[in-house]
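Number of protein chains: 2
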Amino acid sequence: MFCALLSGGSGVRLWPLSNTTRSKQYLKVLKGEDGTDLSIVQRVFKQINQSNLKNDNVMVIANKLQSGILQNQLGEDICLILEPSRRDTFPAIMLACAYAVSEKNAKDDDVIVILPVDPYTEESYFESVKSLEGIINNTNADMVLMGSSPTCPSEKFGYIVPESKIDGVMSVQSFKEKPDAKTAQELIDQGALWNCGVFCFKISLYKEIIQKYGILPDYESVYENYNLLPTISFDYAVVEKCEKIIVVNFKGLWKDLGSWETLTEEMATTSLGNTIIDEHCNNVHVVNELKVPTVVMGIENAIIIASSDGILVADKSRSAFLKDYVKTATVRPMYEERRWGNIRIVDCTETENGIYLTAGITLHKGKDFSYHIHYKHDETYIFMSGNGKLIVDGVISNVHPGMVVTIPRGAKHSLHATEEMKFLEIQSGFAAADEDMEKITLNWSEIEISNFVTNL
Amino acid sequence: MFCALLSGGSGVRLWPLSNTTRSKQYLKVLKGEDGTDLSIVQRVFKQINQSNLKNDNVMVIANKLQSGILQNQLGEDICLILEPSRRDTFPAIMLACAYAVSEKNAKDDDVIVILPVDPYTEESYFESVKSLEGIINNTNADMVLMGSSPTCPSEKFGYIVPESKIDGVMSVQSFKEKPDAKTAQELIDQGALWNCGVFCFKISLYKEIIQKYGILPDYESVYENYNLLPTISFDYAVVEKCEKIIVVNFKGLWKDLGSWETLTEEMATTSLGNTIIDEHCNNVHVVNELKVPTVVMGIENAIIIASSDGILVADKSRSAFLKDYVKTATVRPMYEERRWGNIRIVDCTETENGIYLTAGITLHKGKDFSYHIHYKHDETYIFMSGNGKLIVDGVISNVHPGMVVTIPRGAKHSLHATEEMKFLEIQSGFAAADEDMEKITLNWSEIEISNFVTNL
Numbered sequence: 014m015f016c017a018l019l020s021g022g023s024g025v026r027l028w029p030l031s032n033t034t035r036s037k038q039y040l041k042v043l044k045g046e047d048g049t050d051l052s053i054v055q056r057v058f059k060q061i062n063q064s065n066l067k068n069d070n071v072m073v074i075a076n077k078l079q080s081g082i083l084q085n086q087l088g089e090d091i092c093l094i095l096e097p098s099r100r101d102t103f104p105a106i107m108l109a110c111a112y113a114v115s116e117k118n119a120k121d122d123d124v125i126v127i128l129p130v131d132p133y134t135e136e137s138y139f140e141s142v143k144s145l146e147g148i149i150n151n152t153n154a155d156m157v158l159m160g161s162s163p164t165c166p167s168e169k170f171g172y173i174v175p176e177s178k179i180d181g182v183m184s185v186q187s188f189k190e191k192p193d194a195k196t197a198q199e200l201i202d203q204g205a206l207w208n209c210g211v212f213c214f215k216i217s218l219y220k221e222i223i224q225k226y227g228i229l230p231d232y233e234s235v236y237e238n239y240n241l242l243p244t245i246s247f248d249y250a251v252v253e254k255c256e257k258i259i260v261v262n263f264k265g266l267w268k269d270l271g272s273w274e275t276l277t278e279e280m281a282t283t284s285l286g287n288t289i290i291d292e293h294c295n296n297v298h299v300v301n302e303l304k305v306p307t308v309v310m311g312i313e314n315a316i317i318i319a320s321s322d323g324i325l326v327a328d329k330s331r332s333a334f335l336k337d338y339v340k341t342a343t344v345r346p347m348y349e350e351r352r353w354g355n356i357r358i359v360d361c362t363e364t365e366n367g368i369y370l371t372a373g374i375t376l377h378k379g380k381d382f383s384y385h386i387h388y389k390h391d392e393t394y395i396f397m398s399g400n401g402k403l404i405v406d407g408v409i410s411n412v413h414p415g416m417v418v419t420i421p422r423g424a425k426h427s428l429h430a431t432e433e434m435k436f437l438e439i440q441s442g443f444a445a446a447d448e449d450m451e452k453i454t455l456n457w458s459e460i461e462i463s464n465f466v467t468n469l
Numbered sequence: 014m015f016c017a018l019l020s021g022g023s024g025v026r027l028w029p030l031s032n033t034t035r036s037k038q039y040l041k042v043l044k045g046e047d048g049t050d051l052s053i054v055q056r057v058f059k060q061i062n063q064s065n066l067k068n069d070n071v072m073v074i075a076n077k078l079q080s081g082i083l084q085n086q087l088g089e090d091i092c093l094i095l096e097p098s099r100r101d102t103f104p105a106i107m108l109a110c111a112y113a114v115s116e117k118n119a120k121d122d123d124v125i126v127i128l129p130v131d132p133y134t135e136e137s138y139f140e141s142v143k144s145l146e147g148i149i150n151n152t153n154a155d156m157v158l159m160g161s162s163p164t165c166p167s168e169k170f171g172y173i174v175p176e177s178k179i180d181g182v183m184s185v186q187s188f189k190e191k192p193d194a195k196t197a198q199e200l201i202d203q204g205a206l207w208n209c210g211v212f213c214f215k216i217s218l219y220k221e222i223i224q225k226y227g228i229l230p231d232y233e234s235v236y237e238n239y240n241l242l243p244t245i246s247f248d249y250a251v252v253e254k255c256e257k258i259i260v261v262n263f264k265g266l267w268k269d270l271g272s273w274e275t276l277t278e279e280m281a282t283t284s285l286g287n288t289i290i291d292e293h294c295n296n297v298h299v300v301n302e303l304k305v306p307t308v309v310m311g312i313e314n315a316i317i318i319a320s321s322d323g324i325l326v327a328d329k330s331r332s333a334f335l336k337d338y339v340k341t342a343t344v345r346p347m348y349e350e351r352r353w354g355n356i357r358i359v360d361c362t363e364t365e366n367g368i369y370l371t372a373g374i375t376l377h378k379g380k381d382f383s384y385h386i387h388y389k390h391d392e393t394y395i396f397m398s399g400n401g402k403l404i405v406d407g408v409i410s411n412v413h414p415g416m417v418v419t420i421p422r423g424a425k426h427s428l429h430a431t432e433e434m435k436f437l438e439i440q441s442g443f444a445a446a447d448e449d450m451e452k453i454t455l456n457w458s459e460i461e462i463s464n465f466v467t468n469l
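Keeping their order, the protein sequence lines are chains A and B.
With our numbering, the residue at position 93 of the first sequence is 106, and numbering never jumps.
With our numbering, the residue at position 274 of the second sequence is 287, and numbering never jumps.
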């Protein structure tokens with residue numbers, strides 16, 4: 014079986030800890046059995062590796078902005094499929110199937126299961142996912158889904174309505190996306206289940222679908238023609254058009270930690286970071302990623318979250334509506350995890366001479382910035398800890414803590430960390446680095462040799 | 014009459030906007046009639062200048078840490094008496110009297126009135142203060158006080174109990190500091206007034222008191238022997254020992270804006286700064302001094318304050334107890350106004366090679382840093398806007414936006430702003446500037462001449 018985990022979402026529902034590069038699934042708000050901080054996605058992979066899915070071809074489909082954080086959290090050897098652009102679940106799942114065909118040699122009769130990268134469940138969930146392969150092979154169903162027994166008439170979920178109110182494995186009659194509470198209750202009375210977002214089908218179905226768009230089923234073709242696929246959900250594009258759908262009722266723990274209210278229910282502690290909560294507070298969760306303290310007094314039923322991106326103070330029941338407000342609040346992400354480490358913007362001052370952006374950067378041991386040029390801004394590095402090698406216009410130098418180096422606009426440069434480095438970077442000019450960068454091919458290993466030869 | 018305004022308080026009750034250098038009286042949360050932002054102390058001086066106190070000798074007694082912000086807000090020509098160390102109101106008032114004697118030629122029969130620098134009152138208050146001079150001259154009282162009619166049995170104030178329940182001018186029977194609510198109600202029933210912290214007496218009384226400590230009444234003697242005066246309040250040390258005390262009942266508006274609950278009642282708007290408050294909020298005040306947004310949803314009866322110093326989220330009724338919690342929270346002030354401008358710390362990173370502290374600095378036009386040396390840390394300036402002159406070890410250079418200059422430890426340096434300058438300063442080493450600074454005498458006007466002569 015092929016197993017593709019879908020990592021979507023811009024994560025505004027958990028702002029200000031999540032942003033376009035750091036979605037909810039990467040927040041380390043959970044605790045492992047050994048007491049270490051764990052993100053939702055790390056918990057899922059731990060569970061997969063303890064289940065009998067571990068020997069299957071597990072892949073992750075994600076936006077390219079998330080590749081750095083995924084590799085940081087799951088290791089560099091995860092099988093990562095990067096969307097060429099952010100669309101919706103239908104194109105992303107098509108790409109995952111194409112990858113299985115081209116890179117994993119998936120045949121028409123092979124089964125692929127798509128699951129979200131972020132369910133908060135117990136291990137039996139993954140055993141249940143594994144069982145879907147047998148169900149699709151033993152029935153003539155086009156599609157097998159997983160549903161969870163509703164615990165309340167929630168307006169946040171999709172509902173799967175089975176043909177009859179029987180436990181276990183059922184044929185699907187219809188779907189209802191985010192009904193109002195009254196309708197939800199009626200559906201529950203009919204035996205409806207929450208849709209867990211798990212899709213199990215054969216590669217042959219994928220080939221039928223992709224053919225309709227005039228695209229060949231191989232990875233390169235789908236990748237190149239990604240923009241021809243409609244930006245819609247897999248549910249609308251495929252599932253609701255299938256003739257024979259079966260749903261399996263998963264009866265164990267299943268939660269969507271997609272709002273602060275549900276996420277804080279699973280948090281190991283009521284506060285993280287530098288916080289002071291007085292004894293008059295009740296049912297309050299506080300996460301403070303800033304260095305300065307957060308003091309909370311006499312507040313009830315609220316979540317208080319502070320990060321470099323902003324501050325949220327919300328009644329728990331209101332927090333599910335955050336999405337509507339964060340649109341207005343969104344600025345560029347102030348904290349990002351990247352392939353090479355992380356960057357935290359600490360100041361941005363606009364003057365008539367341009368923008369001065371100050372960031373604290375961690376470059377992990379052995380990592381480097383690609384060789385590149387900025388045309389519109391200068392960069393000053395103030396090295397704080399760890400040693401590295403800096404190349405500017407072909408000249409290489411060792412850099413150490415205490416050094417201050419300015420890279421003028423127009424100069425080619427790269428930095429390589431021989432051990433973990435921390436430094437300040439001040440960008441000054443008329444564009445921040447992300448929009449003012451031209452990459453140049455350079456092989457660091459060659460440069461290092463020339464460094465030893467010239468003994469610089 | 015001499016009039017001395019007492020500016021005390023470390024201001025923790027309005028943390029995180031106030032800190033050791035920025036007390037509540039300096040927060041620009043009020044609005045003037047013309048719509049400009051006004052601090053409490055600016056409002057008081059505006060009122061004094063519109064009252065018939067304006068022709069009296071008005072002085073301000075403050076801690077030396079506050080001299081910069083006082084001059085910024087009130088102008089450089091205010092008469093400022095700086096305490097050599099922070100003690101209590103008794104030593105501070107003694108110093109003010111000594112200053113009146115030595116610098117203002119106050120005679121034994123002259124009257125001095127001490128008032129807090131931060132009452133939130135109407136103009137008739139200052140007329141009432143002015144009238145105290147006549148009252149002390151026309152009675153044989155040692156001390157005349159002002160009391161305000163209580164509006165509730167507050168536990169936060171001192172109470173003045175008059176001999177009989179008569180309106181207007183009364184003899185004082187006793188005092189009660191911060192009684193419980195029940196006692197407060199009993200006192201109010203007896204006609205007690207809230208103590209406004211106004212003390213009116215003759216210079217001859219001052220001379221009697223200071224003599225008891227073996228100190229001559231001139232300014233230099235009191236300043237030199239400041240540590241010999243006990244660290245107690247003027248109420249305990251003097252007022253409660255006076256034989257004949259009179260209290261004047263001030264019946265106009267009088268409020269102590271000493272807690273977030275009382276201060277927000279007078280704020281011109283419910284929010285300041287980058288804030289988003291949803292329609293489910295009620296009786297919420299939000300002040301955000303950070304650049305990133307603060308989003309507030311479904312919160313009631315609360316104040317939410319964010320600054321570089323920290324974040325406070327408190328039920329309004331609990332905010333009066335802030336003092337007990339901020340002790341634990343206090344770090345060094347992250348924002349300070351100084352004689353020369355202001356400094357905001359944006360990052361502080363501790364490494365095994367020392368501390369890297371990054372600050373955004375504004376140096377006002379015509380101002381300069383005194384000529385000085387640091388022995389334990391280097392400083393890198395990144396000039397962002399405005400031109401100035403930098404002197405390093407006797408060599409002067411013009412500095413402009415875009416320049417990056419590192420001052421190594423041990424180098425004498427000073428900076429002068431020929432126009433308003435903004436720059437980043439990164440201190441790196443083992444001590445922050447305040448504790449690692451040796452001032453050197455230098456006359457900037459002389460240096461500027463040598464600059465023109467050598468044409469550097």
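Among the hints, erroneous ones may be present.
Since the list gives no way to pick out one identical chain from another, each pair is judged satisfied if it fits inside one copy or across any two copies.
What the hints assert, rightly or not - Straight line, CA to CA, 20 Å or less: simulated EDC-like cross-link-like pairs of lysine to aspartate or glutamate: (1) LYS220 <-> ASP391; (2) LYS304 <-> ASP360; (3) LYS189 <-> GLU438; (4) LYS336 <-> ASP291.
What the hints contain is simulated information worked out from the structure, not anything from laboratory work.
We went through each hint and held it up to the structure:
no., hint, verdict
1, LYS220 <-> ASP391, "neither (50 Å within a copy, 65 Å between copies)"
2, LYS304 <-> ASP360, "both (14 Å within a copy, 9 Å between copies)"
3, LYS189 <-> GLU438, "neither (50 Å within a copy, 58 Å between copies)"
4, LYS336 <-> ASP291, "between (29 Å within a copy, 12 Å between copies)"
When the structure is compared with the earlier hints, violations turn up for hints 1 and 3 and for no others.
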